[in-house]
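2 protein chains.
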Amino acid sequence: MGKELKIGIAGLGTVGQGVVRMLQQNETGIDARSGKIIRITSVSAQNREKDRGLDLTGYNWEDDPNELAKRPDVDVFVELIGGSEGVALESVKTALRNHKDVITANKAMLAHHGQELAELAEECKCCIRYEAAVAGGIPVVKSLTESLAGNRITKILGVMNGTCNYILTRMERDKLTYQEVFEDAQKLGYLEADPTLDVGGIDAGHKLALLSSIAYGTRVDFDNMEIEGIERISIGDIEQAKDMGFRIKLLGISKFTENGLEQRTQPCLVPEKSPLGQIEEATNLVVFEGDFVGTICLQGPGAGSGPTASSVLSDLVELARGTRIPMFGISANNLKKAKPCKSAVEVSYYLRLLLKDEPGVLAQIALALGNAGISIDRMRQYSHATSEAPVIIVTHKTNRTKLDIALDQIRNSDVSLEEPVTIRIEEI
Amino acid sequence: MGKELKIGIAGLGTVGQGVVRMLQQNETGIDARSGKIIRITSVSAQNREKDRGLDLTGYNWEDDPNELAKRPDVDVFVELIGGSEGVALESVKTALRNHKDVITANKAMLAHHGQELAELAEECKCCIRYEAAVAGGIPVVKSLTESLAGNRITKILGVMNGTCNYILTRMERDKLTYQEVFEDAQKLGYLEADPTLDVGGIDAGHKLALLSSIAYGTRVDFDNMEIEGIERISIGDIEQAKDMGFRIKLLGISKFTENGLEQRTQPCLVPEKSPLGQIEEATNLVVFEGDFVGTICLQGPGAGSGPTASSVLSDLVELARGTRIPMFGISANNLKKAKPCKSAVEVSYYLRLLLKDEPGVLAQIALALGNAGISIDRMRQYSHATSEAPVIIVTHKTNRTKLDIALDQIRNSDVSLEEPVTIRIEEI
Numbered sequence: 000m001g002k003e004l005k006i007g008i009a010g011l012g013t014v015g016q017g018v019v020r021m022l023q024q025n026e027t028g029i030d031a032r033s034g035k036i037i038r039i040t041s042v043s044a045q046n047r048e049k050d051r052g053l054d055l056t057g058y059n060w061e062d063d064p065n066e067l068a069k070r071p072d073v074d075v076f077v078e079l080i081g082g083s084e085g086v087a088l089e090s091v092k093t094a095l096r097n098h099k100d101v102i103t104a105n106k107a108m109l110a111h112h113g114q115e116l117a118e119l120a121e122e123c124k125c126c127i128r129y130e131a132a133v134a135g136g137i138p139v140v141k142s143l144t145e146s147l148a149g150n151r152i153t154k155i156l157g158v159m160n161g162t163c164n165y166i167l168t169r170m171e172r173d174k175l176t177y178q179e180v181f182e183d184a185q186k187l188g189y190l191e192a193d194p195t196l197d198v199g200g201i202d203a204g205h206k207l208a209l210l211s212s213i214a215y216g217t218r219v220d221f222d223n224m225e226i227e228g229i230e231r232i233s234i235g236d237i238e239q240a241k242d243m244g245f246r247i248k249l250l251g252i253s254k255f256t257e258n259g260l261e262q263r264t265q266p267c268l269v270p271e272k273s274p275l276g277q278i279e280e281a282t283n284l285v286v287f288e289g290d291f292v293g294t295i296c297l298q299g300p301g302a303g304s305g306p307t308a309s310s311v312l313s314d315l316v317e318l319a320r321g322t323r324i325p326m327f328g329i330s331a332n333n334l335k336k337a338k339p340c341k342s343a344v345e346v347s348y349y350l351r352l353l354l355k356d357e358p359g360v361l362a363q364i365a366l367a368l369g370n371a372g373i374s375i376d377r378m379r380q381y382s383h384a385t386s387e388a389p390v391i392i393v394t395h396k397t398n399r400t401k402l403d404i405a406l407d408q409i410r411n412s413d414v415s416l417e418e419p420v421t422i423r424i425e426e427i
Numbered sequence: 000m001g002k003e004l005k006i007g008i009a010g011l012g013t014v015g016q017g018v019v020r021m022l023q024q025n026e027t028g029i030d031a032r033s034g035k036i037i038r039i040t041s042v043s044a045q046n047r048e049k050d051r052g053l054d055l056t057g058y059n060w061e062d063d064p065n066e067l068a069k070r071p072d073v074d075v076f077v078e079l080i081g082g083s084e085g086v087a088l089e090s091v092k093t094a095l096r097n098h099k100d101v102i103t104a105n106k107a108m109l110a111h112h113g114q115e116l117a118e119l120a121e122e123c124k125c126c127i128r129y130e131a132a133v134a135g136g137i138p139v140v141k142s143l144t145e146s147l148a149g150n151r152i153t154k155i156l157g158v159m160n161g162t163c164n165y166i167l168t169r170m171e172r173d174k175l176t177y178q179e180v181f182e183d184a185q186k187l188g189y190l191e192a193d194p195t196l197d198v199g200g201i202d203a204g205h206k207l208a209l210l211s212s213i214a215y216g217t218r219v220d221f222d223n224m225e226i227e228g229i230e231r232i233s234i235g236d237i238e239q240a241k242d243m244g245f246r247i248k249l250l251g252i253s254k255f256t257e258n259g260l261e262q263r264t265q266p267c268l269v270p271e272k273s274p275l276g277q278i279e280e281a282t283n284l285v286v287f288e289g290d291f292v293g294t295i296c297l298q299g300p301g302a303g304s305g306p307t308a309s310s311v312l313s314d315l316v317e318l319a320r321g322t323r324i325p326m327f328g329i330s331a332n333n334l335k336k337a338k339p340c341k342s343a344v345e346v347s348y349y350l351r352l353l354l355k356d357e358p359g360v361l362a363q364i365a366l367a368l369g370n371a372g373i374s375i376d377r378m379r380q381y382s383h384a385t386s387e388a389p390v391i392i393v394t395h396k397t398n399r400t401k402l403d404i405a406l407d408q409i410r411n412s413d414v415s416l417e418e419p420v421t422i423r424i425e426e427i
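First to last, the protein sequences are chains L and Z. Oh and the first sequence: position 143 is 142 in numbering that gives the first Met the number 0, straight run, nothing missing. Oh and the second sequence: position 331 is 330 in numbering that gives the first Met the number 0, straight run, nothing missing.
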């Protein structure tokens, strides 16, 4: 057995506790596999007194993560604080400037500051590893950076936010409204402190932005991503989808073509029988398409203490073994700035409208779609007690530009009573 | 960009051609990701004149792989010859003794000589990598060796032979006999030169033996594996299974418990709606269970030129980046010799018997099972024109020892007209 790899852990929440527990419990195996003794020397968290059900007596304590990041007895700084800015970002920079390698689960920070951090890491001859930042325990970062390195990646798609999938699954199974399940999820602690990160599709977007960068050799570009959450999905939408053989999933999708980089995170209708259509609860599924490998699907727990700790350990063992890989697979200076672009593929759309219950209203909608060059595959108006008529329309394949023209005309008419709900149908 | 990594490829069949094509086609991306120029310097194959649709003019040619393995302009010897013994094994040893790293797709060789080769590699301070040997393009070796390195792995299972799955899928879909699809598969070139390797479950067994070794830190033990092929599966079995909500898949399963190392490759009934039950055609699916990560499923193409080349490239890029990992994750000398053991879990079994059509025959079978302490969940006798009565029995949960006692009694009776077909029901 060689030397020690000394680590400092900043943040002792669910993930931090999982990492400490895993290192304590599986020590022998981990040391045998890494060829080094991986030893926690020091930890940092907000509250030293809190009972975490863990023996922390052997570790030095720092109140300030920045101090932890400077300690001479730390080789690897494990940032599990969270938040895109503030002390997480600051302490990671401190660690790099003090020539510590960094492991982090912080997708928000990396999605916003990935390029800057990758450049700083290279300048300081350090590594940043972040398997735990994307899809919990599933080895997506390593698979993309290493296993598929010989491929030209053509597409990434997946269910990358377990909370949204949990909400959609429970709405369907228990016939509950979005609001009811949302409140339940909040009580169960499934939601981020700012729930918009989850249900607004932002968290999935952060993850997708990181994967896109590795896959295409482009700079992380979260700002130009199309992002839409699941807040407006109703039980009715889920039931309509089911009726047509689909389920609603929050998908992250990216492609890199001659038109540029297409990145979107949005609820989609996916075939019920496809692998994506069958993902239940908090499970994640990430699909990579490469020119030689074809299609690879990786599935597993997208969150939780154990799975996320497993990914942190993967990075720790990698560093212990001496593997040193640039943050996004190639040198930060060689990452290209990609032109953002919209999807050029024609697809069908599911539309839900709430219309005035007056003669001629449906004709007006049909006309708006027809004028934009969109033909209707099916249309259904529900029987209703009020003067507001819910209408579901599924279009034939069309492009988003035409749809936006039609939607504008519908919005500007006086018959539409609320912002139309539009869901893309992904024939995966 | 750093230095060159010079490679020699022995064997220019489907996989070898794929590797050459991939290196030629994706050169820029591969070099950027590996931080080195990966350059083929020399190749070797049986027939120099054969048109492979590839430009090989820039490479040195060796008729003898052993000579290729000694060349000073080869850093990495890529063995794509195949066969567990002979020139493949010999040239790999030559390469190691000449201090070349080795990449191979040869599961048969590694399953039989893994320990010896791992020891030789360490003695010569060389690496052997073999992502392409297991599950084609799916990153199973890397995931297990690196991504899950912090876990205690508790179970591996999967569909790891695309040919068997192709045969079973087509029997079901096209209502063809095993023999008909087998002949078709042979015409299409889907079968190994010795088809028993595929349909006899041996190839899947080779792969499972390698994964078990990495997962449990044990010496490769192919010889003690229970292996059964798909040769005796009939359309009737497939239809019966379907009727009960199951499909028949050739599974590789291994577990490491206090009882020892359980390894089996055999046709099983798996729930139709489970991920394993839905694997079609030549797709592979490998499932890992770890104490912290939970369940991870990796799915993709299990064979073919492109996917397998993708895995060879994964290993090449890894070596180019300077990552050096022991063959089975830990030092060869630390691999434990595991005690082989049988499954201790009680499961239900599907039995197909061919019985004499005489009064009292069914009673005799029921008695044999009852005497062994096995109760029957369902039993069905088919209407038949001949004097041979096909009977299907599904048992309640029992253990293999009891079943073997009952089967012995049935075999020794004069009412059973052929060796009973026994298929384990895996409630995955």
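For the record, the hints were derived by calculation from the structure and aren't laboratory data. Treat the hints with caution; some may be incorrect.
No copy is singled out in the list; a pair is fine if it fits within one copy or between any two copies.
[Unchecked claim] Below 30 Å or equal to it, Euclidean Cα-Cα: the simulated DSS-like pairs (lysine-lysine) are:
#1 Lys335 / Lys5
#2 Lys241 / Lys272
#3 Lys124 / Lys5
#4 Lys341 / Lys396
#5 Lys335 / Lys2
#6 Lys336 / Lys2
#7 Lys336 / Lys186
#8 Lys186 / Lys396
#9 Lys154 / Lys396
#10 Lys336 / Lys355
#11 Lys92 / Lys341
#12 Lys124 / Lys401
#13 Lys69 / Lys2
#14 Lys396 / Lys5
#15 Lys335 / Lys49
#16 Lys241 / Lys336
#17 Lys69 / Lys174
#18 Lys355 / Lys5
#19 Lys396 / Lys355
Against the structure, the hints:
1. When the C-alpha separation of Lys335 and Lys5 is checked against a cutoff of 30 Å, the pair qualifies only between copies, where the shortest distance is 28 Å, while the shortest distance within a copy is 35 Å.
2. Within a single copy, Lys241 and Lys272 get their C-alpha atoms as close as 11 Å, and across copies as close as 17 Å, so both meet the 30 Å cut-off.
3. Taking CA atoms no more than 30 Å apart as the test, Lys124 paired with Lys5 passes in both settings, with 18 Å inside one copy and 26 Å between copies.
4. For a Cα distance limit of 30 Å, the shortest separation of Lys341 from Lys396 inside one copy, 16 Å, qualifies, whereas the shortest one across copies, 55 Å, does not.
5. Taking the closest pair of Cα atoms, Lys335 and Lys2 come within 30 Å of each other only across two copies (23 Å); inside a single copy the shortest separation is 38 Å, beyond that limit.
6. Only between protomers do Lys336 and Lys2 lie at most 30 Å apart by alpha-carbon distance; the minimum there is 27 Å, versus 40 Å within a single protomer.
7. With identical chains, the CA atoms of Lys336 and Lys186 are never at most 30 Å apart, being 41 Å at best within one copy and 49 Å at best between copies.
8. Proximity of Lys186 and Lys396 under a CA criterion of 30 Å is satisfied in neither setting, with 41 Å inside one chain copy and 40 Å between copies.
9. Taking CA atoms no more than 30 Å apart as the test, Lys154 paired with Lys396 passes inside one copy only; the shortest distance there is 21 Å, against 45 Å between copies.
10. Neither within a single protomer nor between protomers do Lys336 and Lys355 lie at most 30 Å apart by alpha-carbon distance, with minima of 47 Å and 76 Å respectively.
11. Proximity of Lys92 and Lys341 under a CA criterion of 30 Å is satisfied in neither setting, with 34 Å inside one chain copy and 53 Å between copies.
12. In this assembly of identical chains, the alpha carbons of Lys124 and Lys401 never lie at most 30 Å apart, being 50 Å within a copy and 63 Å across copies at closest.
13. For the identical chains of this complex, Lys69 and Lys2 are intra-copy neighbours only, at 21 Å inside a copy versus 34 Å across copies, given an alpha-carbon limit of 30 Å.
14. Neither within a single protomer nor between protomers do Lys396 and Lys5 lie at most 30 Å apart by alpha-carbon distance, with minima of 56 Å and 50 Å respectively.
15. Neither within a single protomer nor between protomers do Lys335 and Lys49 lie at most 30 Å apart by alpha-carbon distance, with minima of 46 Å and 41 Å respectively.
16. When the C-alpha separation of Lys241 and Lys336 is checked against a cutoff of 30 Å, the pair qualifies neither within a copy, at 40 Å, nor between copies, at 52 Å.
17. In this homomeric assembly, Lys69 and Lys174 never come within 30 Å of each other (Cα to Cα): the closest approach is 52 Å inside a single copy and 68 Å across copies.
18. In this homomeric assembly, Lys355 and Lys5 never come within 30 Å of each other (Cα to Cα): the closest approach is 67 Å inside a single copy and 72 Å across copies.
19. In this assembly of identical chains, the alpha carbons of Lys396 and Lys355 lie at most 30 Å apart only when taken from the same copy (27 Å versus 61 Å across copies).
In summary, the structure is inconsistent with hints 7, 8, 10, 11, 12, 14, 15, 16, 17 and 18 from the numbered list given earlier, while agreeing with the others.
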